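Take each chain as given, in its own frame, and dock them per the hints.
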Amino acid sequence: MADIVSIIRKITKHHLFVPIICLFLVILFNLIDNPQFFRLEMRTSSAGYPTLFGSIISVLNNGTELVFLAIGMTLVTAASGGQDISVGSTIAIAGCVIMRVLCGTETQVYELHNLVIVAVVLGCLAGMLAGAFNGILVSVFRIQPMVATLILFTAGRSIGSMVLGGNKPMVHVDAFSYWGNFIPGIPIPTPIFFALAGVIVIFLVLKFTNLALYAQSVGINENASRLNGLNPRSVKMMTYIIMGVCVGIAAFLQVSRQSSINPITITKNIEMDAILAVALGGNALSGGKFSMAGSVIGAYTIQALSTTLSTHNVPSEGVPAYKAIIIILIVIVQAPVVKEFFGKFWGNLTKKSSGTIRKVA
Amino acid sequence: MSRNGLRKREPPTDTAFLLTITICMFMAMYILAVIFLGDKGFSKPQTFFNLLNEYAALIVLSCGLSVVMISGGIDISVGGVTALICMTCVVYLEDAGGGFLGAVLISLGIGLAFGVVHGFLVAYLKIQPFIVTLAGMFFARGATALVNLDQVQAKNAAFTAVSRVRILIPGVGSFTKRGVFVPAYIEIGVIVALLIVILLFLMLKYTKFGRGLYAVGGNAQSALMLGINVSRTKFFAYVLTGLLAGVGGMLYFLHTGSGSVVQASGLEMDAIASSIIGGTLLSGGVGNIIGTLFGVLIRGTIYTIVTAIGAQGPWWTGITISALLCFFIVLQSVITSRKKR
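Residue numbers (my numbering), protein chains in the order written: chain A, -19 to 341; chain B, 16 to 356.
Everything labelled a hint here was simulated from the structure, so no lab data went into it. Zero decoy hints are in this set.
Here are the computed distance ranges between Cβ atoms for each label pair:
1) A:Y90 with B:L120: 57 to 65 Å
2) A:T85 with B:G56: 31 to 39 Å
3) A:R(-11) with B:K223: 46 to 54 Å
4) A:L329 with B:V177: 52 to 60 Å
5) B:F135 with A:A204: 28 to 36 Å
6) B:K170 with A:L309: 34 to 42 Å
What you are looking at is a predicted structure, and each value in this text was computed from that prediction instead of being measured. C-beta atoms are modelled at their ideal positions from N, C-alpha and C, and glycine is treated no differently.
Looking at chain B on its own, in the form it has when it is part of the complex (with noise of 0.2 Å):
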C-alpha cells in the first residue's frame, strides 16, 4: 500500500464546509422551485438574471460585509450609507445639474468618508465596532432626512441611458408563447458587481492584505506576533467596505433610480444575513466571497418563491430569512464551540 492511501484525509476547513452547505442549500431551493414552481416562471433563465440584476448592489455591500466580518468586525451602517448616497445623488443630479460622473464620485466618496471614520474609530481608538456602525447607520439614516425629505425621482439623461443598458446575454433566453426568442438580459450593475467579487476574491486569497484580513480575525493577538500591523488592517479593511459601500450605493441607486428617506430601509440586515448565510464566520477569520455571492442568491431565491407562491401576507419574507439567519447563526456557533474542545 502506499503512503497516500495511510495519509489520514484530512477533514474539510470550516470555510470549505460551510461554503459547500450554501452552495448545496442554494441548488436544492432552485431545483426545487424549478420543479414545482416552473410555471410561475422558474424555468425561465430570466428569472436567474433577473435575480442578478435585482440584487447587485446587494451582493457588492454583503461582500463588503464579507470583508470587515474575515477581519472580526461588523458593519450595520451599509443600508443607511446606500440611502444617503441614493438621496444625495438624485439632489446632485435634479436640482444642482450636475452629471453622471460627479454622482459616481459623490457615492464613491461619501462611502469612503464613512469608511474611514468607521475604521479610525475601531481600529485605533479600539470602540466596538458595533456601537460604531450602529451610529454610522443612525447619522446617515438622519441626514438622508436632512438632505431632503421628499422623494424624488432620477431624470437625468445621462443616467437613465446608462441605467437601461442591457447586455444581452448570447443563446440564452425563452420563447414566448407566439415563438418569438427573447434573449435573457443582465444590466451594467451585474457586470461590476461580479468583476468586484472575482477582484476580491482574489485580493483575499493572494494578497498579503487578504492574508492579513484572516489572520487578524482569526486571532489578532497571534497576528500581532506574526508581525501583521493589526491596527492598520482593521482601518483598511473598514475603508475598503466603506468603498464597496459606496459602490453598493451607486448600484442601488442605478436600479432604483430615485431617492427617499425610507430607502433601502433593512438592507444591512439582508447583507448581513447574507454574507453568513454565505458561510462568513461573524466571530472572524473564516469567510469566503463566492459564499457570500451564493448566499445573495438564496435570499433573492427566497423573495422569489415567496412571492411566487403568493403566500398569506409580506411578512412571510422576513420571517424565513430571520429563520434561515437563525440557523446559520447557531450552526456557527456550534462550529466555534467544537473547535474549542
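For reference, chain A alone in the conformation it holds in the complex (with noise of 0.2 Å):
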C-alpha cells in the first residue's frame, strides 16, 4: 500500500507530469471524439510533388513558431520572474525588417532584392534588438517585465508598419516560401525540421553552458546570486536577447508561410499561446527553476488544442476563450494557497493509512 502511494506520489511529482497529462488528455479527447484527427495521407501539393497531409501533421507544423516563443520565454520567465507580452509586437517588427530587405518598397515582388539569409540575420538582429530594449527596461530600470514589454506590445506593429512605409509587399518567389512550407521532394513540412533542430540546439546549449543554471539561481533569488559573483543584469539582458534571436526565427517562419505580412494582424494572440506554453510545461509563471522539454511538450499541446477547436468548427476569434479558461485552471492548480489546502488535504488522508506506523515511532 505504502509502495504504490509512493510510487504514485514520485510519478505526480515529476517535473514532465503535468505536461504529458495535458497533452495526453488532448490526444485522448481526439481519439474518443475524431478519429480522423490521426489520418495520415500523402497528396499531390499544387506544385506537384508528393506531401504527408493530415491534423498531426499539421499540429506539427504550425507549432513551429510556438516552440521558439516557448524556448525564449521559458527563459526570460525563469531568469526575470515575468512573461514578455510583447513577442506577437516584435515578431511583427522582425516580419517587416525581413519583407523590407528583400522587397524594398515594392507590393508586388517577382524577384528577391537581397539574398533570404541576410534577411534573416537582419530580421534576427531586428527582435535582439527589441530584446535588448525590454531587457534594459527589466534589468537596469528594475521595471516588472510585463509592464516593461507593455510598451513595444503597444508599439511593435506601428513601429512594423513604419518599417514597411505602410507597404503590404506579395512576395512572388517559389523558392522563397520553401521555407515555410515544402521544399520539393521532401514530403514534410520544413518547419519542422526548423522546429527539430531549435530544439536540438536549446538542449545543447542547456547541457554544456551555464545558461540554465545562471538563469535559474537569478529567478530563485537575484542578490544570493549576485553575491554569489553572478551579474542578474546581465543574465536577465541574455534570456531577453535570446528571446529576440527565437522572435527573429518565428517571424521568418511566418513570412516565408504566407509570403507576405500584415503587420496588424501577424500572429495576433500569439503572446497568450506562448504563456500559456510555459504554464502548462509545469514551469512556475512567478521564475526560478524551469524545465525546457516542458515547455516544448507545452507548445504542441496548445497547438493541438488550437487544431482540435478549429474542426469542431469554433471560429477562430472565439478559440482564447477556451485557451483562457484553461491558463486559469493551470494557475489556479499551482497557487501556493491551493497546494497547500490541498497538501493537508492529502496529508489527512495518508495519515489515516500510516497511523499505526506513527503510533509505533
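This is how it looks when you write it as C-alpha cells:
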C-alpha cells in the first residue's frame, strides 16, 4: 500500500507529469471524439510534389513558431520572474524588417532584392534589438517584465508598419516559400526541421553551458546570486536577447509561410499561447526552476488544442476564450494557497493509512 | 525670525510631483496646438469638448485602472470586457428586442462578474494579477466572437434617443464663417464620466476604503500590521474596477452604437497608458484620479494633433503614445529607486 502511494507520489512529483498529462488529455479527447485526427495521407501538392497531410502533421508544422517562442519565454520567465508580452508585436517588427530587406519598397515582388540569409540575419538582429530594449528596462530600470514589455506590445505593430512604409508586399518567388511550406521532393513540411534543429540546439546549449544554472539562480534569488559573483543584469539581458533571436526565426517562418505580411494581424494573440505553453510545461510563472522539455511539450499541446478546436468549427476569434479558461485552471492548481490546502487534505488522507506506523514510532 | 520661517519646506509628495508634471504637459501641449494648429480647429472650444465626448468611456476605464493600480495590481482585461459588453448589448437590443435599461443592467453585470472573478483569484488565491487579467482579456475577446461574429449596428429607438442627447454649454461656442453662433455641446456620457471622476476622487481621499487602497498598494505588510484587511481591500478594488469597466463599456457602446469582434482593441493599453501618464505608480500606493483625467486628455490631444498634422501614416499615434508611456515608466522607476536609497 505504502509502496503504491510512494510510486504515485514520485510520478506526480516528476516535472514532466503535468505537461504529458495535458498532452495525453488532448490526444485522448481526439481519439474518442474524432479518430480522423490521426489519419496521415500522401497528397499531391499544387506544385506537383507528394506531401504528407493530416492533422498531426499540421500540429507539428504550425506549432513551430510557438516552440521557438516557448523556448525564449521559458528562459525569460525563469530569470526575470515575468513574461514578455510583446512577442507578437516584435514578430511583426522582425517580419517587416525581413520583408523590407527582401522587397524594398515594391508591393509585388518577382525577384528578391537580397539573399534570404541576409534578411534572416537582419530580422534576428531586429528581434535582438527589441529584446535588448525590453531587457534594459527590466534589468537596469527594474521595471516588472510585463509592464516593460507593454511598451513594445503597444508600439510594435506601428513600428512594423513604419518600417514597411504602410506597404503590404507580396512575394511571388517559389524558393522563398519553401522555408515555411515544403521543399520540393521532401514530403515533410520544412518548419518541422526548423523546430527539430531549434530544440536540439537549445538542449545542447543548456547541457554544455551554465545558462540554465545562471537563469535559475537569478530567478530564485537575485541578491544571493549577485553575492555569489553572478551579474543578474547581464543574465536577464541575455535571456531577453535569446528571446529576440527566437522571435526573429519565428518571424521568418511566418512571412515565408504567407509570402506576405500584414503587421496589424500577424501572430495576433500568440503571446497568450507562448505564456500558456510555459505554464502547461509545469513551470512556475513567478520564475526560478524551469523545464525546457516541458515547455516544448506544452507548445505542441497548445497547438493540438487550437487545431482540435478549429476542427470543431469554433471560429478562430473564439478560441482564446477556451485557452483562457485552461490557463486559469492551471494557475489555480499551481497557486501556493491551493497547493497548501490540498497538501493538508492529502496529508490527512495518508495519515489515516499510515497512522499505526506513526504510533509505534 | 518666526519659527515658521526656519522650518524646512517639505518636499512635494510623489503624487503631487507626478500630477504637476501631467497637468503642465497637457497645458503646454494644448497651448502649443492652439498656437500652431489654430487654423485646424484647435482654437474652437468644441475641439476640447469633443475630446471629452470621444474619450468619456476611456476616462471611466482609466479611473478603474487607477483604482486597481493604486492597490498594487493591474487589470488588462478592460478592452476585452468593453468589446464583450458592446456585442452583448447590441445583440440584446437588436435580436432579443430588449430595452435600454436592460442593456445598462447587462453591461454592469458583465463588468461586475469579471471584477468578482479577478478579485477572488488575485486577492484570495494570490495569483499574479497580470496572468489573471490577461486570461480575462482573452476570455472576453473569445466570448465576444462566440456571441456574434458580424458587426451589428444598434437601431433601437430608445437607445439612439439617449445616445443623441446633446447638452449645450451656455455661453461657450464659436462662430461659423457666416457669423452664426454654434454653441458647444457634450454628450450624456461626459456627465456620467465626470460624475464618476468626482465620486472616485472623494472616495480615495476621504473614505476608509480609499485610504486603505493607498496603504495596501504602498506596503501590504505594514497595512496588514495596521489592521487593514489586505485581501478584502484588494478584492473590492478589483470589483470596483470591474464595475467601472461595465460603466465604461456602456459609455463606449453609447458613443459608437455598434458591436464588432475587433472593437476596442488596444483600449486596455490606452487606459493603462493614460493612468500611468496621469501619475499613477505601477508599483502601487501613488496615484490620483484628477491626474488620470488629464492623462486621458493628453492621450486624446496627441491623437487629435497627429490627425490634424496628417502625419505620414497612421502609425505615428501608436509610436508617440508608446514613447510617452516609456518616458513615464522610466521616470517612475527612477523615482521609486531614489526613494529606496
